[in-house]
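*Asks:* Read off the chains here:
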Amino acid sequence: MTPTDTLRFASRAATGYPLRTALMVLAMSIGVAAVVVLTALGDGARRYVVNEFASLGSNLVIVLPGRSETGGFNPANAITETPRDLTVEDAQALTRAPAVLRTAPLTVGTSEATYGGKLRDVTVVGAGADYLKLRRMELAQGRFLPAEEPNAAVAVIGAKIQSDLFGIESAIGRILRIGDRRFRVIGVLGQSGQGLGMNADEIVVLPVAVAQAMFNTNTLFRILVEAKNRALLEQAKVQTLEILKARHDGEEDVTVITQDAVLATFDRILGTLTYGVAGIAAISLAVAGILVMNVMLVAVTQRTGEIGLLKALGAEGAAIRNAFLAEAALLSATGAIVGYLLGQAGAFALRTAMPTLPAYPPDWAVIAALVTALVTGLLFGVMPARRAARLDAVQALSKR
Amino acid sequence: MVHKKHAGPPQVLLGPLGGGLSEARSSGGALIELTGIERVFTLGDSEVHALATLDLAIDSGEYVAIMGPSGSGKSTLLNLLGLLDHPNAGVYRLEGRDVTTLSADEQARVRRERIGFVFQSFHLVPRLTAAENIALPLMLAGIDPAERSRRVDKTLQDFGLANRADHRPDQLSGGQRQRVAIARATIMRPAMILADEPTGNLDRATGEEVVHLLESLNAGGVTLLMVTHDAALGARARRRVMMEDGYKVSDGA
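So the protein sequences, as listed, match chains A and B.
Under this note's numbering, the first residue of the first sequence carries the number 1, and numbering increases by one thereafter.
Under this note's numbering, the first residue of the second sequence carries the number 1, and numbering increases by one thereafter.
For the record, the hints were derived by calculation from the structure and aren't laboratory data.
If you want a taste of the chain A side facing chain B, the calculated C-beta under 10 Å gives, among others: (1) D5; (2) T15; (3) Y17; (4) R303; (5) E316.
Note that beta-carbon positions come from the ideal geometry of N, C-alpha and C, so glycine has one too.
Isolated chain A (complex conformation):
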């Protein structure tokens, strides 16, 4: 029997029992679809987080006030007082570091914004003129905070604030009341979508000194430092730490982290999660494989007379075994393909339902699912096929 004939014979056998074949294909396809959809979900979550961090700018060094101690108890810490404040001057000093391109002092708080009788809670971000570029944000209208006037009573508002308080009317030049102060709106930020923990559409950006005065504080929430390029990131981190240490009387009372470290951690955690989810989904593939075996055993019993006939017509054991193996392989391959399409459709539905989540199944998961489906199908097809090949011809023929 030539391979083409074996395949054709097997496919005729598969199509000869449509209900059985459909159920089989369904079971296999659910397994494959589960792997595809769940890994799409897991990998989508990973990509989402990674993208969010990347949108912060990948050359960033983040300075936090205070020291997160990981080196065990240090006697020096015991006599240190509370950490010194991070100040706007610290941020300015950092711009002089050779590896640093720009810095953005940052202070954050919440307040109420009112305009024309409408009132809204807003997140107030005190920032410098470089903040826009550093965060890779876009302006929809107007201009950003002026560098030359650090104490001007001006505000740049998020897209959501614009639409909530001003509607279709342009906000540029209007006076917006925030807390008990009045600000002239000079710019509107472009639509940015959901950000990590902070929605850039719902913020009001004020000059950092004004925001500090408003919240009655001298310290900064963060200093964002952008390195000149990716290669200088590590240098920028070292220089930042040196400068701040020098400015804080030799005390290392700040924490400097790079974007990369945070990113890598999230990447690893969520990557592991995706593998785990894929493993759980693979169980359904194993179940489908056992189902293949079951169905093929039934097929052998059902077609005992036919097997006897094939033997009488001079089919060798191998020919019969191959025909049944080919049938199992065809069923699993069809199931795998249908499952792949179902999975992709499911991932598409996920993306449609949650546009912010890039739920694309990773290539490795798709390939692994298809290969596992085929291998389990074949593996579990071997036993029934061997049983068919070993049937006694006389007994098989007498069964009808």
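Knowing the structure of chain A, use the given hints to seat chain B on it.
*Replies:* Here is chain B on its own, set in the frame of chain A:
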């Protein structure tokens, strides 16, 4: 080994062959030579001798009816002749070759090329069309599709089944089904046809047609062995082998 057409009356060999074995082999006269064949089935703790010390020789081109009551061993004999079953003792020579010692795959090859089976219940594959059922032996032999369809078309013509080629078995009458089965049995041009109650599932008239078909094939030179318990059918054969309790009780015209 091509089968030869016998012009004269078939040569009948009776009784144990004894020292004549090697002679028979070298002469190649007999198509089938069974010597001291025994087949024992174990049912529970009792042994049933389905065939006991059977000697039989059948020449090429013969028309033999194997008859006897049920349980007499005639079906077992047919299965042995068709290499579907193995004797517990004895030697089976087919066309001078000892086929009992062949491997399973070699026996499959002999079945494919030299033996055609016709069954009482037709044994057609229900999901395949008449043409595909007839093509099965060619497919198993790995004959290329073009040659296959040429031979199937010709066979369909010869058997008057041309307009039934694309019908599945459930769309055919009993007589047509058996004709498809016979067409399948002959498409490899075997040396012999083994028919097990070929008319058992057919009415009188249709059965008659099928027997005529088989007889015409025999007239064309194919050795025909038919198991039947129908005396009228057996009477048509040129030679009758009567079986009882595993023994051959009579053999002759």
